[in-house]
Amino acid sequence: QKEVEQNSGPLSVPEGAIASLNCTYSDRGSQSFFWYRQYSGKSPELIMFIYSNGDKEDGRFTAQLNKASQYVSLLIRDSQPSDSATYLCAVNTEGRRALTFGSGTRLQVQP
Amino acid sequence: NAGVTQTPKFQVLKTGQSMTLQCAQDMNHNSMYWYRQDPGMGLRLIYYSASEGTTDKGEVPNGYNVSRLNKREFSLRLESAAPSQTSVYFCASSAQEDSPLHFGNGTRLTVT
Chain A
1 QKEVEQNSGP LSVPEGAIAS LNCTYSDRGS QSFFWYRQYS GKSPELIMFI
51 YSNGDKEDGR FTAQLNKASQ YVSLLIRDSQ PSDSATYLCA VNTEGRRALT
101 FGSGTRLQVQ P
Chain B
112 NAGVTQTPKF QVLKTGQSMT LQCAQDMNHN SMYWYRQDPG MGLRLIYYSA
162 SEGTTDKGEV PNGYNVSRLN KREFSLRLES AAPSQTSVYF CASSAQEDSP
212 LHFGNGTRLT VT
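If you read the sequences in order, they're chains A and B. Read left to right, the first sequence gives residues 1 to 111 (my numbering). Read left to right, the second sequence gives residues 112 to 223 (my numbering).
A hint or two may mislead.
[What the hints assert, rightly or not] Okay, derived cross-link-like pairs now, DSBU-like style, lysine-lysine, Cα gap no bigger than 30 Å in a straight line:
#1 Lys120(B) <-> Lys42(A)
#2 Lys168(B) <-> Lys2(A)
#3 Lys42(A) <-> Lys56(A)
#4 Lys168(B) <-> Lys67(A)
#5 Lys42(A) <-> Lys2(A)
#6 Lys56(A) <-> Lys67(A)
#7 Lys168(B) <-> Lys125(B)
#8 Lys56(A) <-> Lys2(A)
#9 Lys42(A) <-> Lys125(B)
#10 Lys42(A) <-> Lys168(B)
#11 Lys67(A) <-> Lys2(A)
#12 Lys120(B) <-> Lys182(B)
#13 Lys182(B) <-> Lys168(B)
#14 Lys182(B) <-> Lys42(A)
#15 Lys120(B) <-> Lys168(B)
Read the hints as simulated data drawn from the structure, not as lab findings.
Please construct the entire structure, taking both the sequences and the accompanying hints into account.
Structure, rendered in structure tokens:
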């Protein structure tokens, strides 16, 4: 079992819809969770991070964390074609001093 | 405000050649990292440095060495390049170990 798992996609949504991206992790001791966006040929850029159970909202983005079920989600409201990218989930894993990344979900927003 | 600067952006090596990837950050961050990214594999940690003067192996350290020259700079060296090291390499830094990572623009390395 991978430590951080994401569906590779592509996840295709129409413009204006809500895109829901999911990430599961294996270490129950994980404390910090991050979502990065990566455009093709570019470096990852931080979208959001969340430390506590529940929801955290920032503009069109909402991160949801459920530690009991060991998943973290990213919702993108009013999706735009410019949101088309690969979204990487990253988790801090107990015993390691660096983040562990999932392999990413490719999102396509259709105009 | 440059953030994290990596050089070079592109490099082609022949098998057996050596090279050093340079990374510098101007955010006064304590921790620095080297990741590689391959299709379908996500980002995998090669080495990291929690603070100046310390370095530790990550998930895929074989074939690489690192130097934390000072608080700003963290270099990655390939002593004898192999085709399996063809990848995109990202340097990153963070204020602390669990803080968000800030990435450089990457180095695309091809080993023939």
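Quick one, are Lys120(B) and Lys42(A) close enough, alpha carbons at most 30 Å? holds, 11 Å
Restraint check for Lys168(B) with Lys2(A), where alpha carbons must lie at most 30 Å apart: Distance of about 19 Å is within 30 Å: holds.
Mind checking the alpha carbons of Lys56(A) and Lys2(A) for me, to see if they're no more than 30 Å apart? holds, 26 Å
Does Lys125(B) lie within 30 Å of Lys42(A) when you go C-alpha to C-alpha? With Cα atoms ~25 Å apart, Lys42(A) and Lys125(B) stay inside 30 Å; holds.
Hint consistency between Lys42(A) and Lys2(A) [alpha-carbon to alpha-carbon, up to 30 Å]: holds, 25 Å
Does Lys67(A) lie within 30 Å of Lys168(B) when you go C-alpha to C-alpha? holds, 28 Å
Take a quick look at whether Lys182(B) and Lys168(B) sit within 30 Å of each other, Cα to Cα. holds, 18 Å
Would the hint linking Lys168(B) and Lys125(B) be met if the CA-CA limit is 30 Å? Status holds; Cα separation ~25 Å.
Taking only the CA atoms, is the gap from Lys120(B) to Lys182(B) under or equal to 30 Å? The hint holds at about 22 Å.
Within 30 Å, alpha carbon to alpha carbon, are Lys42(A) and Lys56(A)? Cα-Cα ~26 Å, so holds.
Checking one constraint from the list: CA of Lys56(A) to CA of Lys67(A), max 30 Å. Satisfied? Holds, at about 14 Å.
Given hint Lys2(A) paired with Lys67(A) - CA-CA distance at most 30 Å: holds, 17 Å
Violated hints are absent here; each numbered hint is respected by the structure.
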